[in-house]
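Student: As a plain string of letters, each chain reads:
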Amino acid sequence: METGLEITADYSCLRPFGCEQNLLSRPDGSASFFQGDTTVLAAVYGPADVKVSKEIFDKATVEVILKPKVGLSGVAEKAKEQMIKNTCESVILTALHPRTSITVVLQVIHDAGSLLSCCLNASFVAMMDAGLPMKSSFCGLTCVIGTDGNIVLDPTTKQEKESRAVLIFGIESIAKKVLLLTTKGSCSVEELQRCLAICQKASEKIFQFYRDSLRRKFSKS
Amino acid sequence: MNRPTEGVVHFNLELSPMASPVFEAGRNSELCVKLNQLLERCFRNSKCIDTESLCVVSGEKVWHIRVDIHLLNHDGDIIDAASIAAIAALSHFRRPDASVQGDEVTVYSLEERDPIPLCIHHMPICVSFAFFQQGKYLLVDPTEREERVKDGLLVVAMNKHREICIIQSSGGIMLFKDQVLKCCRIASVKVAEITELIQKALENDIQARKRGEKFGFAESLPDQKITALKMDVTTIDTSDAEDTAREVVEKAEPPMEVNSKPVVWAPGTVQIGEGIENAWGIEDFPSDDEEEEEVIFIDENKMDMANTNGTSTGRNVLEVISLSDSEEEDVMILEPEGTERKEKRPSNINKQKDTPFKESGKKKKTKTKKFHQSW
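These protein sequence lines are chains A and F, in that order.
Heads up, the first sequence stops at 221 in our numbering, and the numbers go up one at a time, no gaps.
Heads up, the second sequence stops at 375 in our numbering, and the numbers go up one at a time, no gaps.
Accuracy of the hints is not assured; some may be wrong.
For the chain F half of the interface with chain A, some residues (derived, Cβ under 8 Å), not all of them [unchecked claim]: (1) PRO17; (2) ALA19; (3) PRO21; (4) HIS70; (5) ASN73; (6) ASP75; (7) PHE217; (8) LYS225; (9) ASP232; (10) THR235; (11) ALA241; (12) THR269.
So, partial list: chain A residues that the calculated Cβ filter (under 10 Å) puts toward chain F [to be verified]: (13) PRO27; (14) ILE109; (15) VAL189; (16) GLU191.
It is worth saying that the hints were derived from the structure and are not from the lab.
In this text, a Cβ means the ideal position worked out from N, Cα and C, and glycines have one as well.
So that you can see chain A by itself, here it is in the shape it has in the complex (with noise of 0.2 Å):
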């Protein structure tokens, strides 16, 4: 059920948005985030023994599995795959585990926008549920750059096909720096340092998420 959402000139909006974690046995760590009606599933399993072939000598090997819904990975899975990888590596305190390997997997449950930021926020929450040391949290952010200028928020699919620009942040806690960003259809440099600061915004309100998610998993109450 895909509602529309009203966009005034100074407020955007993010879709209803949760987690859940460890709901998985197997893996160190696991977790299910949703936003709107996009689902991914995430479990990470680390650090783990790696490969002869793929080890590193002074720092963990990361490495990012993307399923999607039907059918098998394909090129697009691949690229996604890289950039999620991109993101975890820097945050990831890798150089305290050496010759190990970190894997996350990632299971996309229902596709309804904004599938990258999700992905990139499921596969935080798993690491956070496995206890993987970071530098910081991080969190996925989409927007879009209508036809007609105005910037949405976290779309759903009808709005990333309807629009001029659509542009993927990933966004670090500590100084709200941008790990991750990448951009598909044309935009202005203007718009561009304006959707960054819309997000940065926006991020604010996902970290204080996972803040408040992880003071419940441990409350005694």
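Chain A is already provided as a structure; the job is to place chain F on it using the hints.
Tutor: Just chain F now, with coordinates in the frame of chain A:
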């Protein structure tokens, strides 16, 4: 075997690396193949799906249904879970409506006409039994640990009408007839329960859709668990975004001037840039017959390759340094006199730093070598 009046239903069970650390991303594991075959036999041979209703134009157009089953967590008894998931998904699925008028086939989109469900005759569900101590102990629905130490496995696929779809016994265990019958009786009880559960879940889904409520995986997230948290629509105050953006753009440095004039060599071949200056510091080798001796040192401290040209002696003969004491060593000079030495200019100077010489950092004199890149 494709018949002209039957549609195709394809099952694909994927053992995701999420399910267990032993599963790898490639598909070829033996277990995966075995499970896929079992699933296919269970659903195809039992004819639970009416494939003739999937035919649109006989011999030309049929519906192809694809069932993708992703294993999320492996704690034993994969085949049971997979069969339940598959039959529930097939019962839940709705396909687009299509009509044939003469030679023309019109497929209606989901907005034009309501999609129609598949024709499913019955719901086969697999139940697994693990045997221990030569059939003395029997476990229904074994967990992963129990599976690992079992002696034998019996899989019974049944529907709620107590019809056996498939029976498969593996593991080299011999069972008595009454043991097998006992398993079938247990299976029929289990299958009846599970079929009812599936029917109830499908009913709930239909009701939720009728009432306009939310449905799907996101909705099934439990509210009351402490490991789960939900947030409603959150508004973000973006009133100062424009100002922040304008500040950033104003403070930013202007982009660098890019000086690149493409040079067209031929239709379809363009060169941009000049490449890097050769930084090896080697003078051009004379292209006459003079050959030079080169001695390559590998320093213990530095990994740099220091090239010292031996004095150009103007010899026409290669001087061979014999490193071994053996008198029987026959040294063959492969290059006859007078041929030019071919020098390949290193195309990427930056590779100089990591020398490929994997020998230990001892000082070594090598024989007069051709100076070429080995990578």
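Student: Okay, which hints does this one fail, numbers in order?
Tutor: The structure breaks only hint 12.
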